[in-house]
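Residue numbers (numbering that gives the first Met the number 0), protein chains in the order written: chain A, 0 to 353; chain B, 0 to 353; chain C, 0 to 353; chain D, 0 to 353.
No wet-lab data here; the hints were simulated from the structure.
Wrong hints could be hidden among the right ones.
You can't tell identical chains apart in this list, so a pair holds if it fits in one copy or across any two.
Think about it this way: if two alpha-carbon atoms lie no more than 16 Å apart in a straight line, the pair counts; the simulated EDC-like pairs of lysine to aspartate or glutamate are [to be verified]:
1. Lys112 / Glu265
2. Lys255 / Asp158
3. Lys74 / Glu111
4. Lys198 / Glu302
5. Lys352 / Glu111
Given next are the chains, with one letter for each unit.
There are 4 protein chains.
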Amino acid sequence: MAGNTFGTLFKLTTFGESHGPALGGIIDGCPAGLTLDFEAIQLELQRRKPGQSAIVTQRKEADEVQFLSGIFEGKTTGTPIGFAIQNTNQKSEDYNAIQNSYRPSHADYVYEKKYGIRDYRGGGRSSARETASRVVAGAIAKQLLSDVKINAFVSSVGDIFVEKPYQALDFNLIESNPVRCPDPETAERMEALIRAVRKEGDTIGGTITCVIQNVPIGWGEPVFDKLHAQLGKAMLSINAVKGFEYGSGFCGARMKGSEHNDLYNEDGTTRTNLSGGIQGGISNGMDIYFRVAFKPVATLIQEQEVLTNDGRIEVQQGKGRHDPCVVPRAVPIVEAMTALVLADFYLLEKTNKL
Amino acid sequence: MAGNTFGTLFKLTTFGESHGPALGGIIDGCPAGLTLDFEAIQLELQRRKPGQSAIVTQRKEADEVQFLSGIFEGKTTGTPIGFAIQNTNQKSEDYNAIQNSYRPSHADYVYEKKYGIRDYRGGGRSSARETASRVVAGAIAKQLLSDVKINAFVSSVGDIFVEKPYQALDFNLIESNPVRCPDPETAERMEALIRAVRKEGDTIGGTITCVIQNVPIGWGEPVFDKLHAQLGKAMLSINAVKGFEYGSGFCGARMKGSEHNDLYNEDGTTRTNLSGGIQGGISNGMDIYFRVAFKPVATLIQEQEVLTNDGRIEVQQGKGRHDPCVVPRAVPIVEAMTALVLADFYLLEKTNKL
Amino acid sequence: MAGNTFGTLFKLTTFGESHGPALGGIIDGCPAGLTLDFEAIQLELQRRKPGQSAIVTQRKEADEVQFLSGIFEGKTTGTPIGFAIQNTNQKSEDYNAIQNSYRPSHADYVYEKKYGIRDYRGGGRSSARETASRVVAGAIAKQLLSDVKINAFVSSVGDIFVEKPYQALDFNLIESNPVRCPDPETAERMEALIRAVRKEGDTIGGTITCVIQNVPIGWGEPVFDKLHAQLGKAMLSINAVKGFEYGSGFCGARMKGSEHNDLYNEDGTTRTNLSGGIQGGISNGMDIYFRVAFKPVATLIQEQEVLTNDGRIEVQQGKGRHDPCVVPRAVPIVEAMTALVLADFYLLEKTNKL
Amino acid sequence: MAGNTFGTLFKLTTFGESHGPALGGIIDGCPAGLTLDFEAIQLELQRRKPGQSAIVTQRKEADEVQFLSGIFEGKTTGTPIGFAIQNTNQKSEDYNAIQNSYRPSHADYVYEKKYGIRDYRGGGRSSARETASRVVAGAIAKQLLSDVKINAFVSSVGDIFVEKPYQALDFNLIESNPVRCPDPETAERMEALIRAVRKEGDTIGGTITCVIQNVPIGWGEPVFDKLHAQLGKAMLSINAVKGFEYGSGFCGARMKGSEHNDLYNEDGTTRTNLSGGIQGGISNGMDIYFRVAFKPVATLIQEQEVLTNDGRIEVQQGKGRHDPCVVPRAVPIVEAMTALVLADFYLLEKTNKL
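Given only the sequences and the hints, what does the whole structure look like? Please build it.
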């Protein structure tokens with residue numbers, strides 16, 4: 000187990016710390032014969048990359064993926080796809096200050112207690128840099144599922160929310176602003192808030208909404224591996240995520256059955272979609288949508304108390320190049336994890352009937 | 000995969016439809032030498048059982064578990080624990096009405112589309128009756144983790160919420176009322192609401208909060224199998240669940256880092272606990288707490304439109320003996336799934352250091 | 000892990016000791032819509048059953064399987080198939096003698112050391128009675144793979160070998176004699192040997208050959224899950240098995256490449272088949288064949304030294320009703336495990352191409 | 000599944016074709032705090048490496064492993080250990096001849112049929128070059144199990160066998176000759192045979208015996224994951240392996256129970272060890288030993304008929320730099336796979352008792 004593998008049939012295993020020679024992964028189970036669009040893969044990495052706009056961390060990372068196996072003359076061969084991303088910007092000296100101390104709401108402390116050792120450089124394995132590998136694999140999963148449309152976007156930053164239902168949004172506008180919010184006016188207010196927060200050396204939380212369209216009826220497994228349970232696990236495995244809801248979500252817990260039930264049309268579609276496209280853990284052909292909550296990044300550029308490894312509380316000045324708000328860069332990660340979940344169920348579904 | 004197994008080292012596989020001869024499961028990986036308290040196991044089943052109070056379904060089910068293997072002279076032997084619960088109250092005729100139609104917001108339709116066949120009696124495998132097996136396994140997991148305290152309770156029904164923080168509640172009061180809410184005044188209002196809703200033939204949603212105490216530092220695996228990701232998956236695999244949040248949850252997404260960070264005390268505990276007892280997916284020794292949203296039960300005792308399998312919309316009178324609100328009976332299920340997740344990490348943690 | 004599950008997509012988990020209330024299992028992943036032939040399943044159990052002829056153990060066991068779930072109106076529904084076989088002949092008193100001692104070449108000693116506890120009645124979980132569950136699951140796997148022909152037979156008992164190549168045998172004769180050897184003359188000599196050995200209170204080893212026909216090209220996975228590696232593991236998991244070889248096997252290790260290579264015909268078949276129908280772990284469309292070695296049963300009806308649990312050597316008179324030679328009854332077990340391996344690869348193969 | 004992962008708790012996933020940029024793998028589950036001896040790892044790679052002596056292939060491969068993650072200041076951190084070995088000697092042009100044809104007893108044909116595409120350069124994923132990754136992981140597993148002694152050696156080449164029992168051999172002599180046979184006189188005869196075979200452009204099969212000492216009582220899981228079943232699968236997953244036997248093996252199938260049973264000493268050891276150190280799938284504290292059969296390498300430096308992809312039979316001259324006999328270089332691979340199996344059971348055993 001050890002937690003570095005995701006998926007059963009379309010299976011990603013990742014390796015790598017933020018400051019080792021490289022990070023990467025192995026995709027096992029991608030069917031043979033898929034012509035890969037390498038530019039599209041690299042584009043997803045660009046969306047996740049630091050330094051892409053003024054409201055994200057200004058760290059420089061090349062984030063170029065090198066494929067090592069499993070591809071021949073541009074096509075997948077059915078053998079495992081190994082890939083690596085070099086860590087080109089390893090300023091380990093930046094982290095000497097934190098070698099002997101534990102930052103609040105970081106994983107420093109628990110890693111050291113759990114393993115008796117920790118790679119303190121840049122958060123080691125707990126760094127969100129690991130998600131670059133997920134984006135690579137998710138980009139391939141997206142290509143495998145070319146009919147399925149996955150659109151994630153920032154639906155709130157702090158107290159600023161997109162008020163419109165997703166049906167009223169134009170997903171083509173997601174990439175039109177650095178916040179990745181398809182509601183341009185709201186995006187501007189979000190961006191202003193992030194800039195203000197950054198000026199204070201502070202950070203701010205937010206939410207991402209993801210909409211999945213064109214999933215056929217029948218994906219997902221009953222009981223433990225329900226489609227939404229796997230999506231929930233996938234999202235909760237992303238750094239900084241604190242909550243997941245799909246369909247009516249937490250609002251649904253306040254409703255009556257007579258309000259909540261989605262009545263059928265004659266063709267099997269439903270008039271409303273509070274179910275969020277999933278019944279009993281299985282896709283019903285309607286849009287699947289869910290929402291993910293991200294806490295504010297724990298690294299502040301402010302003075303803050305830390306615990307030293309000899310049991311003292313010290314004030315430390317936060318420094319480094321960190322994100323004031325993680326959600327804009329998390330959008331491609333949410334999409335990637337969604338694609339990985341769906342690819343697994345797509346393959347599994349091939350085995351359910353005679 | 001096929002979704003009927005939960006866990007890696009403490010592993011539960013379940014079988015059974017609501018109206019077959021029996022349901023049950025196999026627990027594989029329970030360590031040898033655990034003296035089982037069989038009354039405690041049966042007690043958990045009683046908490047989940049229909050007919051236990053006036054505000055739950057009045058179906059009669061004996062729900063007595065029979066252990067078939069893996070136990071010798073009252074102790075676990077390290078071999079798989081097989082168990083079965085007979086279905087003694089199979090009124091299949093009740094369900095003839097639904098044989099040819101799909102009820103809104105039930106899994107009828109997707110099962111038939113997915114598998115090309117469905118056991119239409121009582122929801123078949125999608126029935127919440129399957130959770131009885133989880134409660135049995137969870138009760139054993141609880142006994143394995145005897146130092147860990149798991150307390151779940153109803154924290155809202157419809158718009159009625161427990162306003163106090165969990166620290167202000169007396170968990171000994173959870174079982175003092177049929178709602179399983181440890182805040183007696185709130186419990187009364189909840190009970191009244193459920194009775195009113197039932198009178199209308201309607202149903203209502205709610206939430207359950209779960210608090211886990213005494214988990215040592217270090218449980219949970221980084222990256223994909225984070226402790227909260229497994230808890231989230233476990234909860235989302237329970238029938239009718241629409242959302243999961245832990246620690247600050249969705250509220251955390253509205254906060255700033257300077258408000259959200261949990262500053263350390265010198266002993267490694269934290270002054271606040273917005274993290275919810277988990278950092279980077281690993282327990283940090285503080286209380287773990289999370290909240291789970293349940294939608295209102297889809298079965299109404301009202302007239303409602305259904306889809307027939309020849310593509311017509313018909314009005315059908317709901318009947319049967321169903322829960323007006325699922326959360327009181329879901330409390331032991333939430334605890335059971337929590338225990339299963341923790342038992343897995345407890346065993347895995349034994350393998351992480353030399 | 001814990002070792003009670005076999006397979007990934009067509010997955011069997013078993014439970015049960017020889018002297019508990021019941022044994023059985025759960026089959027997860029059998030595709031929906033398979034019409035089951037229940038008589039054929041029971042027939043396979045009869046082939047494994049004690050007391051079926053004069054040369055096997057005279058224990059009486061009913062060995063009737065009861066299906067508990069996953070089947071509706073005679074067809075699989077895609078949900079887990081739970082089943083149980085009651086233990087009707089539990090003479091625990093027979094085993095009191097062995098409660099405090101360890102029999103040579105039995106698993107008594109290692110179970111007690113491993114788990115600190117053992118169910119000493121009839122070998123507990125180490126009893127070959129567990130294989131009844133495998134035969135049930137294997138019988139269903141056979142029905143899933145109706146085009147594939149699996150024929151196992153006894154190819155040697157002690158020093159008496161079937162000298163003919165399998166192509167010269169009529170598999171219809173396998174069930175014509177109690178030894179399950181399709182070469183009638185050799186079968187007679189084998190039967191005489193088994194009778195003589197039984198008279199001495201002794202036991203004798205033997206081998207089983209299995210031939211699989213009509214497997215399409217492409218089943219099996221490269222690298223770790225090669226088709227023959229899974230077959231080997233499956234066979235070696237059967238009680239008393241000491242060796243496995245396929246194709247040219249150990250003889251192949253004495254040959255030169257120029258003798259061993261199987262030259263092609265123009266249609267892709269090969270002129271010889273020393274490869275045993277598998278190249279690089281993948282079926283090549285030719286017959287697959289392998290041979291399995293079984294040691295002589297350890298339980299003798301002779302005086303024998305045992306180790307007591309207080310560290311003394313004592314002479315004990317073997318008693319009970321045991322098999323003088325295990326291979327006749329192991330034939331359906333070999334076939335069952337073969338079918339389980341193939342069912343898994345059959346399902347997996349559906350996911351390998353776009 | 001897809002077959003590129005081995006192990007459950009100590010888990011190796013490999014990637015890489017013989018002629019891509021690199022091959023390598025990820026080891027997940029290695030406990031934290033293990034100080035690695037990198038020279039010992041590289042030494043194992045040297046043992047497997049082509050060109051090491053006159054009787055193996057003269058291909059030149061650097062085979063230097065680069066570790067990419069999971070190690071900090073010379074110790075394992077508990078996070079996944081990623082590693083890569085560059086392919087520095089990719090002469091793809093050598094393989095143009097085989098692009099359109101299928102060599103007898105190679106995996107060319109089945110790969111192309113299975114996947115609809117094949118990387119024909121050097122055997123692609125079916126190349127034994129993949130085993131370099133296994134040797135790296137096995138070397139780490141050996142270090143984890145420092146008390147356990149694993150010694151594999153060549154026990155036969157063609158018809159030349161080591162006649163002495165392993166107890167009469169000095170394992171320190173294994174590396175004293177290029178054959179890796181600890182019986183010097185026999186080694187000389189084997190070497191002469193290999194040289195003669197090579198001169199003819201032919202190849203020859205052989206066997207490897209492996210002896211494991213100091214395994215504590217209790218490793219291995221009953222039923223499906225028996226210690227010898229996992230060892231068997233591990234061995235059968237190595238290229239060119241045709242058979243596996245442990246303890247008395249195929250000879251045991253000719254014996255009587257009264258000859259075969261291993262009588263106990265008062266301390267729980269046994270006077271004989273036909274069981275091969277394993278009872279009921281669980282180690283009993285005695286030496287574990289097994290034997291593995293390797294077929295002759297299929298690549299000949301002779302004229303040979305091949306099948307073209309347009310369905311014709313052509314005569315092709317074999318060329319390239321291939322091993323006349325695979326067993327000398329397979330010795331470290333057998334040891335590596337053995338170590339991987341044992342590491343998994345070592346970790347699992349930590350979870351079996353309270």
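Each hint tested on the structure:
1. Lys112 / Glu265: between (58 Å within a copy, 15 Å between copies)
2. Lys255 / Asp158: Classified as between; 10 Å across copies, 28 Å inside a copy.
3. Lys74 / Glu111: Only across copies: Lys74 and Glu111 sit 14 Å apart there, 42 Å inside one copy, limit 16 Å.
4. Lys198 / Glu302: Intra 14 Å, inter 58 Å, cutoff 16 Å: intra-copy only.
5. Lys352 / Glu111: This pair counts as between: shortest inter-copy Cα distance 11 Å, intra-copy 48 Å.
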